[in-house]
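Chemist: Sequence:
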Amino acid sequence: MDFGTPKLNSFYIRGRSFTFCRVAWRVLQEGEVVRVGESEPRKIQTRVIAATNRNLEEELQAGRFRQDLYYRLSVFPIELPPLRQRPEDIPLLADHFLKERAAELGVSIRGFTPEAIDALSRYDWPGNVRELENQIQRALVLTPSDGTVTLDMLSEKIRQHGDQKPTPLSGSLREGIAALEQEMIQAAFELYNDNKSRMAKHLNISRWTLQQKMKQYNTEAF
Numbered sequence: 001m002d003f004g005t006p007k008l009n010s011f012y013i014r015g016r017s018f019t020f021c022r023v024a025w026r027v028l029q030e031g032e033v034v035r036v037g038e039s040e041p042r043k044i045q046t047r048v049i050a051a052t053n054r055n056l057e058e059e060l061q062a063g064r065f066r067q068d069l070y071y072r073l074s075v076f077p078i079e080l081p082p083l084r085q086r087p088e089d090i091p092l093l094a095d096h097f098l099k100e101r102a103a104e105l106g107v108s109i110r111g112f113t114p115e116a117i118d119a120l121s122r123y124d125w126p127g128n129v130r131e132l133e134n135q136i137q138r139a140l141v142l143t144p145s146d147g148t149v150t151l152d153m154l155s156e157k158i159r160q161h162g163d164q165k166p167t168p169l170s171g172s173l174r175e176g177i178a179a180l181e182q183e184m185i186q187a188a189f190e191l192y193n194d195n196k197s198r199m200a201k202h203l204n205i206s207r208w209t210l211q212q213k214m215k216q217y218n219t220e221a222f
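First residue of the sequence shown: 1, per this note's numbering; consecutive thereafter.
Keep in mind the hints are simulated off the structure, nothing from the lab.
Fair warning: this is a prediction, and the values are worked out from it, not measured in the lab.
Each residue gets a CB set at the ideal place from its N, CA and C atoms; glycine is no exception.
The reader is advised that the hints may include incorrect statements.
Claimed, not checked - List of simulated lysine-lysine pairs, DSS-like, C-alpha gap at most 25 angstroms:
1) K201 / K213
2) K196 / K213
3) K201 / K215
4) K215 / K157
5) K99 / K43
6) K215 / K196
Unchecked claim - Label pairs and their in silico Cβ distance ranges:
7) P87 / Q182: 16 to 24 angstroms
8) P41 / H202: 29 to 37 angstroms
9) Y71 / L180: 32 to 40 angstroms
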C-alpha cells in the first residue's frame, strides 16, 4: 500500500509525546501501520519529510527526543536558514504568494512597488515564511484590482522598515569592531540554531572563545 509522502511539521516533531515517537519509529522501521478499528498491521511504502525549527541534536542530549527516531529520520538532513538570513529570497517568495493568492481570488495584481519590496526585504520575519505569506495575503485584500501593492498596503511594522535608511557607523573603532563582532555571532547563532561547534567552525574561533563572546554580548534567539 502506497501512502505517498507524508510531512511531519514542527508541531509533531516538537510537541508530541514519547508514545507518538515510538509509534512513528515503528512505522519508519517496520514499514507497517495498524488502522483504527483493525488489529492486523498493513505494510506500507512511503517517504517521510520531517521539519522542525529546533536543534534536534540538543533535544536528543536533553532527553526530549528519542534517539532511535532521530536516526531513522535523519537520513538526508537539509538545513534551511531562516528567512531573515536569505533576504534575496523575499522578493521571489512575495511574488509567488501574490500570484497564488490573486489566482485563488480571481483578481489581477500588477506586482509590488520598489518601496514595498524594499520594506519586505528589510524586515526580520520572526514568523518566517508563514508570516510573509500572511502579510502578502493582507496586502492583496487592500489592493484594488489591476493595482500595485504599495508600501501603504503593508502593515505598520513592515512600513517602519521601509522608512529606515542605512546610517554610517559612529563611535570609536573599538565600538565598531564590537558591534560587527556581535552581529556576526548573532547571525551564526540563528544560522546554526545555537550549535556551538558549528558556530565556532564557521567563525573560525575556538568553542571556548565563542562561549565567552556569547556571554559578553548576551547572544540569544529573537
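Chemist: Now look at each hint and say whether the structure bears it out.
Modeler: Taking the hints in turn, this is what the structure says about them:
| no. | hint | in the structure |
| --- | --- | --- |
| 1 | K201 / K213 | holds, 14 angstroms |
| 2 | K196 / K213 | holds, 12 angstroms |
| 3 | K201 / K215 | holds, 18 angstroms |
| 4 | K215 / K157 | violated, 30 angstroms |
| 5 | K99 / K43 | violated, 41 angstroms |
| 6 | K215 / K196 | holds, 13 angstroms |
| 7 | P87 / Q182: 16 to 24 angstroms | holds, 19 angstroms |
| 8 | P41 / H202: 29 to 37 angstroms | violated, 45 angstroms |
| 9 | Y71 / L180: 32 to 40 angstroms | holds, 39 angstroms |
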